[in-house]
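Enquirer: Below are the chains, spelled out letter by letter.
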Amino acid sequence: MEIVRSQRSRTNTPNDSVSTLPLYRYAPQLEVRLEDFEVFAMDRLRVLKGISDALARGKRPEEMENLVRDLWKANMRHPEASEDVNKDIISHFVLRLVYCRTEDLRKWFLSMETALYRYRFLLGSSEAKRALMEEFDLPCKAISRTEFENAKEKLEQVARSFDQPLPTADAIFYKVPFEEVPELVAGRRVYIHKGHAYVAMHQVVSLVVTQFRSNLSKALILTNRKWTSTIREQEKDRLTPIVEALSMSYLGPDYSQTKEFGEISIKDLDQLARSSFPLCMRHLFDKLREDHHLKHGGRMQLGLFLKGVGLRMEDALAFWKAEFSHKVGAERFDKEYAYSIRHNYGKEGKRTDYTPYSCQKIISSTPGVGDHHGCPYRHFSEENLRAALGRMGVGSRAMEDVVDKVRNRHYQLACTLTFEAVHSSSCDAGINHPNQYFSDSHKILQPKSKITNIQVQIVGQPHSDQAEMAKFRPSNLQTCKS
Amino acid sequence: MTKEESKNGSDDMLIDGPKQGNVIPDGFNPNYLKVYYGRLFPHADIFKWMSYGNDGRHPACDKSYFGRREFSFTLDNDIYLRFQSFNSESELENSIKEKCPSKIDIGPVYSVDPAKRHAYAQGGDNVFAPVERELIFDIDITDYDDVRYCCSGADVCLECWPLMTVAIKVIDTALRDDFGFDHILWVYSGRRGVHCWVCDGKARRLTNEQRGAIADYFRVYKVGNENSNKKVSFPGPLHPFLVRSYTEVLREFFEEKLLLSQNLFSTEERYEKILSMIPDESVTSELRGKWQENRRSSNSKEDINFFRWEQLKNTLQSGKQKVQGLRRCVEEIVFAFTYPRLDMEVSKHRNHLLKAPFCVHPKTGRVCIPIDPKDCEELDPTTVPTLSELLRELNTGDSRMDVDNGMLTQVTMSYCFPPFSTLSSSGIKYHCLLIQAVL
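Just so you know, the protein sequences line up as chains A and B, in that order.
Counting with my numbering, you get residues 423 to 904 for the letters of the first sequence.
Counting with my numbering, you get residues 4 to 442 for the letters of the second sequence.
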């Protein structure tokens with residue numbers, strides 16, 4: 423309540439395109455209409471989803487700033503300007519409830535809310551920035567003249583390495599524990615000495631965002647505990663169905679249980695790889711056939727994809743064994759590699775049924791020397807990419823379009839264009855997941871009637887194991903929602 | 004063969020010669036491990052180290068600390084036991100002696116005793132999670148296969164091992180000077196690389212994100228896989244950390260050692276690989292032209308690698324090359340060949356396991372001995388003591404090996420770190436390192 427009031431007094435500037443940033447420290451003590459509860463949350467989700475898509479396409483920071491401003495304007499304005507702040511806070515806390523419930527949901531929400539916070543902070547006036555820094559009570563202090571002179575040479579080196587203007591004598595630098603600015607450390611964007619990072623004024627957003635992120639991360643864990651211990655049960659007829667439906671609505675399909683094409687048998691793999699695998703998987707597949715080996719990252723990326731495609735565990739074991747045996751021998755395969763395949767299928771270790779990697783995950787992976795995983799559009803040199811696209815049968819015209827997207831770092835769009843070129847068919851939804859690429863391709867290449875036949879047959883199979891069947895239960899969300 | 008080995012050989016002759024059956028042949032033998040764990044393995048030191056002062060001797064300590072640490076044992080028959088935990092030094096020691104693991108891995112300290120994690124899991128609350136873990140690095144010579152011509156795979160020799168030495172120097176300096184860590188332990192991994200344990204309290208409490216940031220700070224290899232020619236590419240002038248690494252370590256190593264030891268320019272295939280890192284067609288064809296003629300000109304006395312490298316540098320850094328990017332190519336090439344190649348995933352997560360120091364590598368039989376970063380050039384992986392050598396020394400009854408006389412109790416380590424720091428006083432033969440460490 424306290425927060426809400428103080429914020430309200432500050433938002434008397436309706437022209438400010440992005441309203442003042444709250445800290446979201448306490449949930450508001452307000453009465454919220456059930457309808458608003460859901461509508462506000464959906465509006466905020468649209469913003470977060472927009473951010474998520476843009477990040478996946480590799481948008482630049484400048485582009486992101488504009489995008490966030492537009493998204494916010496389009497979705498988060500309340501008819502009454504004075505209610506903007508309330509809508510902001512309410513929607514945030516509703517989504518906390520929605521996205522606190524599993525590790526994956528928390529991770530997604532945390533990174534999107536953090537991104538949103540970052541760009542809203544950057545869009546604010548310098549006065550607002552300073553005020554916010556004070557409120558956060560950040561562990562930093564400006565360095566003295568002498569300290570500046572001592573570190574000057576290094577600070578200049580850092581500035582030059584990023585083509586930034588050299589720091590002038592009146593420049594303000596903050597000295598903070600390096601742990602507080604991980605992203606600046608990761609990018610070598612700061613000078614670090616004896617555990618302290620020297621953060622320039624224009625980099626403080628990083629400090630704020632780190633603080634925000636760590637507060638929210640802790641809060642989500644606590645919310646989850648509260649949710650599982652009390653709220654879920656108490657609200658089972660009122661909020662729980664809304665909360666559960668909200669998280670489903672925007673995350674896209676989960677490809678861990680794609681069984682709609684039934685089993686894929688080993689003998690079909692070569693043919694399918696040629697016709698329906700996205701380039702990342704096709705490359706791994708070809709390399710595996712060629713070298714009879716893949717390093718860990720490659721085994722994970724391809725292995726889980728094949729699982730999502732419908733390769734049963736027994737077949738997966740046989741498939742990998744056949745290849746690896748050429749190189750390491752059957753015995754060593756059984757000893758060193760079979761475990762991790764069973765592990766992927768949830769039959770070993772903590773018995774989690776692992777999900778195939780999404781494009782976002784693959785694009786952000788960091789393949790090293792000797793690795794073949796990752797997203798070819800991002801990780802190949804242009805020359806190698808062109809050669810690979812040629813082998814897939816992408817014509818010269820389409821190839822230019824693809825390469826153009828790659829240059830602008832729109833890796834998923836590049837993949838979508840490849841899909842369209844190879845299948846001579848449009849793909850309006852865009853490619854977000856290798857398994858989606860596969861299933862879309864399969865849909866185009868396979869006559870419809872046949873698919874439904876297989877589906878019926880599979881679902882009706884008596885020997886499908888219990889765990890799998892359980893996950894097929896139809897979602898009852900629609901009925902709840904009414 | 005070092006002096007030490009031949010000396011041992013003669014000792015064997017003297018003492019074991021007459022009564023056959025006491026000879027210890029080379030190579031790894033699981034039976035030796037029993038003796039090793041029984042009489043040489045520094046259980047007490049490992050316990051003391053892993054307790055970080057929480058050893059129950061003073062009132063403020065956390066008595067549950069050591070017991071929440073995960074140990075993993077790989078047994079002889081490839082059975083893998085995860086989530087072993089011990090409440091005291093004697094529990095640890097007894098279990099190791101009893102199970103006689105061919106490998107011991109050390110994991111994180113968890114929120115609760117890892118052996119009882121299932122009991123806690125019943126609560127449904129995600130309470131079983133890693134809370135502390137040393138910041139670790141794993142560097143493996145196999146990752147350098149594209150820049151070494153002497154060996155490949157798990158093999159190493161004295162020509163390529165210095166790549167590891169360089170890695171230790173670069174990373175160690177940055178950990179101390181940049182990140183301000185003090186308690187750093189380097190360990191030979193027993194075969195083809197080195198491990199690093201950063202043990203400062205601050206380091207142990209780093210989040211995964213912060214670990215990732217440090218790992219990325221150390222990364223210069225471009226995000227890209229086998230399918231990209233240029234492994235290193237600097238968009239602008241270098242960050243101070245890279246400048247220091249380059250001027251203090253890498254440049255000298257490349258020009259004075261690697262260039263010659265790996266014959267980097269001696270054949271067309273090799274120099275083509277370097278030329279492929281230069282993005283300017285006119286420069287590469289100019290150099291290629293000079294090298295293909297292969298004239299044994301007046302400086303035939305000079306080493307061909309050195310000569311060609313000078314030619315390349317002159318061409319790239321001559322006044323003609325206005326493009327800054329081309330001048331940086333020299334640095335990029337040096338980095339591509341010499342900069343440390345870390346296994347990123349190991350460093351990024353709290354829950355990664357890493358082989359304990361003083362394990363014995365099952366293939367080579369060599370002991371994973373600590374390395375003093377100040378003297379890392381001294382480490383010769385081909386003369387690191389092996390299990391059989393150590394046992395031979397035990398049998399000779401060498402005075403240093405007075406095991407019963409409380410070898411394990413006379414620990415000179417300070418409360419936590421640098422552990423084993425006493426072992427690195429210069430001039431000690433590797434054969435003695437382990438024994439020195441615990442005496």
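Worth flagging that the hints you see were computed from the coordinates, not collected in a lab.
Honestly, I wouldn't trust all of these hints.
[As the list claims (entries may be wrong)] Take a look, some chain A residues computed to stay more than 10 Å from chain B by CB distance:
hint	residue
1	Tyr448
2	Lys481
3	Leu545
4	Ser566
5	Gln579
6	Val580
7	Phe584
8	Asp585
9	Phe600
10	Glu605
11	Val607
12	Tyr613
13	Glu657
14	Val791
15	Arg819
16	His864
[Said to hold, decoys possible] Below, simulated SDA-like cross-link-like pairs (lysine to any residue); rule was C-alpha separation at most 20 Å, straight line:
hint	chain 1	residue 1	chain 2	residue 2
17	B	Lys102	B	Tyr68
18	B	Lys119	A	Glu770
19	A	Lys757	B	Lys358
20	A	Lys616	A	Phe570
21	A	Lys717	B	Lys172
22	A	Lys757	B	Arg331
23	B	Lys351	A	Ala608
24	A	Lys743	A	Ala760
25	B	Lys366	A	Ala843
26	B	Lys172	A	Gly617
27	A	Lys757	B	Lys106
28	A	Lys576	B	Gly183
29	A	Lys743	B	Lys106
30	B	Lys351	A	Lys576
31	A	Lys616	B	Val246
32	A	Lys757	B	Gly183
33	A	Lys757	B	Pro365
34	B	Lys205	A	Lys576
35	A	Lys640	B	Asp81
36	A	Lys576	B	Arg331
37	A	Lys616	B	Phe184
38	A	Lys783	B	His352
The beta carbon of each residue, even a glycine, is placed where N, CA and C say it ideally should be.
Enquirer: A separate judgement is required for each hint: does it hold in the structure or not?
Expert: Taking the hints in turn, this is what the structure says about them:
Against chain B, the non-interface label of Tyr448 (chain A) holds: every CB pair exceeds 10 Å, the least being about 23 Å. Non-interface call for Lys481 (chain A) relative to chain B: holds, since the shortest CB-CB distance, roughly 17 Å, exceeds 10 Å. Even its closest Cβ contact with chain B, about 25 Å, leaves Leu545 (chain A) beyond 10 Å, as expected for a residue assigned away from the interface. Non-interface call for Ser566 (chain A) relative to chain B: holds, since the shortest CB-CB distance, roughly 19 Å, exceeds 10 Å.
Not every Cβ of chain B is farther than 10 Å from the Cβ of Gln579 (chain A); the closest lies at roughly 5 Å, contradicting the non-interface assignment. Residue-level check failed: Val580 (chain A) sits 6 Å from the nearest beta carbon of chain B, not beyond 10 Å. Taking the minimum C-beta to C-beta distance to chain B, about 6 Å, the non-interface status of Phe584 (chain A) is violated against the 10 Å cut. Non-interface status of Asp585 (chain A) relative to chain B is broken: a Cβ of that chain comes within 10 Å, the nearest being about 6 Å off.
Its beta-carbon lying about 6 Å from the closest one in chain B, Phe600 (chain A) breaks the requirement of being farther than 10 Å from that chain. The beta carbon of Glu605 (chain A) sits about 7 Å from the closest Cβ of chain B, which is not more than 10 Å, so the claim that it is off the interface is violated. Non-interface status of Val607 (chain A) relative to chain B is broken: a Cβ of that chain comes within 10 Å, the nearest being about 4 Å off. For Tyr613 (chain A), the non-interface assignment is contradicted: its Cβ lies about 6 Å from the closest Cβ of chain B, within the 10 Å cut-off.
The non-interface label for Glu657 (chain A) is consistent with chain B: the shortest C-beta to C-beta separation is roughly 18 Å, beyond 10 Å. Not every Cβ of chain B is farther than 10 Å from the Cβ of Val791 (chain A); the closest lies at roughly 5 Å, contradicting the non-interface assignment. Even its closest Cβ contact with chain B, about 23 Å, leaves Arg819 (chain A) beyond 10 Å, as expected for a residue assigned away from the interface. No Cβ of chain B approaches the Cβ of His864 (chain A) within 10 Å, the least distance being about 27 Å, so the stated non-interface status holds.
Taking the CA atoms of Lys102 (chain B) and Tyr68 (chain B), the gap is about 23 Å. The hint is violated against a cut of 20 Å. A C-alpha spacing of about 19 Å is found between Lys119 (chain B) and Glu770 (chain A), which places the hinted pair at or below 20 Å, so the restraint holds. For the suggested pair Lys757 (chain A) and Lys358 (chain B), the alpha carbons sit about 19 Å apart, so the restraint of at most 20 Å is met. With a C-alpha separation of about 15 Å, the suggested pair Lys616 (chain A) and Phe570 (chain A) falls inside the 20 Å cut-off, and the hint holds.
Between Lys717 (chain A) and Lys172 (chain B), the direct Cα distance comes to roughly 28 Å. Violation of the 20 Å bound is thereby established for this hinted pair. With a C-alpha separation of about 46 Å, the suggested pairing of Lys757 (chain A) with Arg331 (chain B) is violated against the 20 Å cut-off. Between Lys351 (chain B) and Ala608 (chain A) the CA atoms are separated by roughly 12 Å; this keeps the pair inside 20 Å, and the hint holds. For the proposed pair Lys743 (chain A) and Ala760 (chain A), the alpha carbon gap of about 8 Å is at most 20 Å, so the pair holds.
For the given pair, Lys366 (chain B) sits about 51 Å from Ala843 (chain A) by alpha-carbon distance, which is inconsistent with the 20 Å threshold. For a cut-off of 20 Å, the pair hint linking Lys172 (chain B) to Gly617 (chain A) stands: about 18 Å separates their Cα positions. A hinted pair counts as satisfied when its Cα atoms are at most 20 Å apart, and Lys757 (chain A) with Lys106 (chain B) qualifies at roughly 16 Å. A C-alpha spacing of about 17 Å is found between Lys576 (chain A) and Gly183 (chain B), which places the hinted pair at or below 20 Å, so the restraint holds.
Distance hint between Lys743 (chain A) and Lys106 (chain B) is unfulfilled; the C-alpha atoms sit about 26 Å from each other, more than 20 Å. Restraint check for Lys351 (chain B) and Lys576 (chain A): the C-alpha separation of about 27 Å exceeds 20 Å, so the hint is violated. A threshold of 20 Å between alpha carbons decides the hint, and for Lys616 (chain A) with Val246 (chain B) the separation of about 17 Å falls inside it, so the pair holds. Annotation: proposed proximity of Lys757 (chain A) to Gly183 (chain B) is violated, straight-line Cα distance about 42 Å (limit 20 Å).
For the proposed pair Lys757 (chain A) and Pro365 (chain B), the alpha carbon gap of about 16 Å is at most 20 Å, so the pair holds. For the suggested pair Lys205 (chain B) and Lys576 (chain A), the alpha carbons sit about 25 Å apart, so the restraint of at most 20 Å is broken. For a cut-off of 20 Å, the pair hint linking Lys640 (chain A) to Asp81 (chain B) is broken: about 40 Å separates their Cα positions. Restraint check: the Cα-Cα separation between Lys576 (chain A) and Arg331 (chain B) comes to about 19 Å, which is no more than 20 Å; the hinted pair holds.
Distance check on the hinted pair: Lys616 (chain A) and Phe184 (chain B) sit about 8 Å apart at the alpha-carbon level, within 20 Å; holds. For the hint pairing Lys783 (chain A) with His352 (chain B), the CA-to-CA distance comes to about 17 Å; that is within 20 Å, so the pair holds.
Checked against the numbered hints listed earlier, the structure breaks hints 5, 6, 7, 8, 9, 10, 11, 12, 14, 17, 21, 22, 25, 29, 30, 32, 34, 35; every other hint is satisfied.
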